[in-house]
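Visitor: Sequence:
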Amino acid sequence: MSSQYPARASQRIVRTEGGFGRIPVTGVTPVLEGGAYPVKAVVHERILIQANVFREGHDAVNASVILTSPEGTQRRVDMKQVEPLGLDIWQAHVRIASEGDWTYRVEGWSDPWGTWRHHAEAKLPVGVDVELVCMEGRDLLQRSAQAADALRTPGAANLLRGAAESLTPETEVDELLELVTSAPINRAMARFGPRELISPTAEVPLRVERKRALYSSWYEFFPRSQGAWIDDEGRWHSGTFDSSHDRLEAAARMGFHVVYLPPIHPIGSAFRKGRNNTLTPGDQDPGSPWAIGSPDGGHDAIHPELGDFESFDRFIDKARSLGLEIALDLALQASPDHPWVTEHPEWFSTRMDGTIAYAENPPKKYQDIYPINFDNDPVGIYHEVLRIVRFWIERGVTVFRVDNPHTKPVEFWDWLIERVYESNPEVIFLAEAFTRPQMMGALGKVGFQQSYTYFTWRNTKQELTEYLTELSTEMAAYYRPNFFVNTPDINPFFLQSGNHAAFAIRAILAATMSPSWGVYSGFELFEHLPLAPGKEEYLDSEKFEFRPRNYDAQPNLNLLLGRLNEIREEHTALQQLRDVTFHHAANDAIIAFSKADGADVILTVCSLDPDNTQDCELTLDLAALGAAGRHEVRVTDQLTGESYLWSERAYVRLYPGQPAHILHVTAP
0 MSSQYPARAS QRIVRTEGGF GRIPVTGVTP VLEGGAYPVK AVVHERILIQ ANVFREGHDA
60 VNASVILTSP EGTQRRVDMK QVEPLGLDIW QAHVRIASEG DWTYRVEGWS DPWGTWRHHA
120 EAKLPVGVDV ELVCMEGRDL LQRSAQAADA LRTPGAANLL RGAAESLTPE TEVDELLELV
180 TSAPINRAMA RFGPRELISP TAEVPLRVER KRALYSSWYE FFPRSQGAWI DDEGRWHSGT
240 FDSSHDRLEA AARMGFHVVY LPPIHPIGSA FRKGRNNTLT PGDQDPGSPW AIGSPDGGHD
300 AIHPELGDFE SFDRFIDKAR SLGLEIALDL ALQASPDHPW VTEHPEWFST RMDGTIAYAE
360 NPPKKYQDIY PINFDNDPVG IYHEVLRIVR FWIERGVTVF RVDNPHTKPV EFWDWLIERV
420 YESNPEVIFL AEAFTRPQMM GALGKVGFQQ SYTYFTWRNT KQELTEYLTE LSTEMAAYYR
480 PNFFVNTPDI NPFFLQSGNH AAFAIRAILA ATMSPSWGVY SGFELFEHLP LAPGKEEYLD
540 SEKFEFRPRN YDAQPNLNLL LGRLNEIREE HTALQQLRDV TFHHAANDAI IAFSKADGAD
600 VILTVCSLDP DNTQDCELTL DLAALGAAGR HEVRVTDQLT GESYLWSERA YVRLYPGQPA
660 HILHVTAP
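As numbered in numbering that gives the first Met the number 0, residues 0 to 667 make up the sequence shown, in order.
Read the hints as simulated data drawn from the structure, not as lab findings. It should be emphasised that the depicted structure is a prediction, and the values quoted were computed from it without experimental measurement. Every residue, glycine too, gets a C-beta built ideally from N, C-alpha and C. Treat the hints loosely; a few may be bogus.
As the list claims (entries may be wrong) - Keeping only pairs whose Cα atoms sit at most 30 Å apart, straight-line, the calculated DSSO-like set for lysine-lysine is:
| # | residue 1 | residue 2 |
| --- | --- | --- |
| 1 | K444 | K460 |
| 2 | K534 | K460 |
| 3 | K364 | K317 |
| 4 | K210 | K122 |
Claimed, not checked - Simulated DEER-style distance windows between Cβ atoms:
| # | residue 1 | residue 2 | range |
| --- | --- | --- | --- |
| 5 | R629 | G395 | 25 to 35 Å |
| 6 | R389 | W228 | 12 to 22 Å |
| 7 | I229 | S97 | 52 to 62 Å |
| 8 | E462 | A585 | 52 to 62 Å |
All chains should be modelled from the sequences, with the hints used to inform the complete structure.
Guide: Next comes the structure, spelled out in structure tokens:
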């Protein structure tokens, strides 16, 4: 191998020579890093493509998007110029029906029909050059009729020939103008009219993946806690894959798509952490699952107390029978007892005193974990990780939640995800990266299908509005958010009061704002106690001990979580990211936003105050609600079933017992 580490398979974009073409096209979006990485999409997702298209003089220009499938077939989608017209902005929304590596390009072109129509509308009413205008128009219509014939569209061809025959100086001006502006004629000319001086941009790569890459509901639990019990001598016995089947059934009943398991591998003994992350474990403390590796094996082994591979296969089969996918944790690190430490000591960092460096995030120390140094033997490490991922794919795993990917080289993820995609394009990687925005963005660009987000720390209306706007616009081409309401590592301050309304509010916001969202078990039981004041860590964290739960204990959020997932399944508007509109709510404690997918429109109005009643007047953007030109809409609450007629202004009153409306918008 000639390079120190494996390179990308190919450069994805074909560049044109020079700069502007005959018809300049610039500012094409979306494009990632000059085309080095593909724009993200899923099947049937509505994607906005935009460019600036212009030319010299006053002749008309037009623009089209040309989509090329993995098989090489092409489809044209014509663009429209949008306001303000002086900025020469052209847009088109496209949907793609099949998965694979597509490309798109924007073609700017001279529009003879647009130029002629402008002249005709200006000259015919004042009698200037009438004969010449008619002659030029007839020529364009006849040529376009021939193009329709060539494409075996006789109806359009006859329509265009009839228009050509009517375009004579003897025809009344009003009739000529009606012909010029006729919708059927202009539709036919848009399809068959001449396109001259076609100027294509470079091809932009566009990767279309399965819908689950964008739209999913996740549920996380620890198998060792499901069915864990204490015997008469006070000794804990771990739950197993087999004893976790009922939790799969519960997740399916609540409408989740993906069940995520923390690491299921053997746990090291050296520097094992005790309850609440202490350095003095008892003999019954199971240790952190993220301290991977023991004499029982490493990343391709199962903790013996959870079961064997046959029981894991039964677990996978049970999940599939329920329509669930299993996500495994991919944590690229090792306990001091991992086989890698003795077999590949070069994969770690050695300090000046000769010891292997353990993980640190000052002031936090993780003495039970050795991070991997990817620069010491990149070829060996890269291929070992690829082997591990493929090992679990062969056992039926289709999703990987990647622990701390921001602590590994971006180019490694670029290489790994591309290799996996080549053989298993169905596999989804979720980046658990709570770090700086540039790193989170880069991980999305190199292929992570989903990412954890800053949602946990966005609580005010301004914060939520700005963040969702950013995610649904400039970031949507490369970053797919997953709004987890909590994680084993994060006990959000907003929930630490234990107020049930706070939990409902965060679940409603996550489920309606993001096409993917997630819940870590215990949330539905309102678990909220922090390790200490000012800490976003759970007291008695399940990371360090067994936590069997009675999930039917009252009160709980089981019904709400199930209904939220049911609403999301019923409404495609909530399964997409890009089309979001915020509506004015005259109260900073209430947020109102709508999401649309074609004719399906959902308007969410949610209180941000779990403690008090809040009310206000809403000012609705009726056009964004699919009601342009109408004075009112019917809104039906998907939580209560109640229905209302709302006009541009509507009054809402929300309180802790009913902190939100999730409204399906239809015609009255």
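Visitor: Would you mind marking each hint as holding or not holding in the structure?
Guide: The hints, checked one at a time:
no.	hint	in the structure
1	K444 x K460	28 Å, holds
2	K534 x K460	24 Å, holds
3	K364 x K317	38 Å, violated
4	K210 x K122	52 Å, violated
5	R629 x G395: 25 to 35 Å	50 Å, violated
6	R389 x W228: 12 to 22 Å	36 Å, violated
7	I229 x S97: 52 to 62 Å	53 Å, holds
8	E462 x A585: 52 to 62 Å	19 Å, violated
In terms of the numbered hints stated before, the structure departs from hints 3, 4, 5, 6 and 8, listed from lowest to highest.
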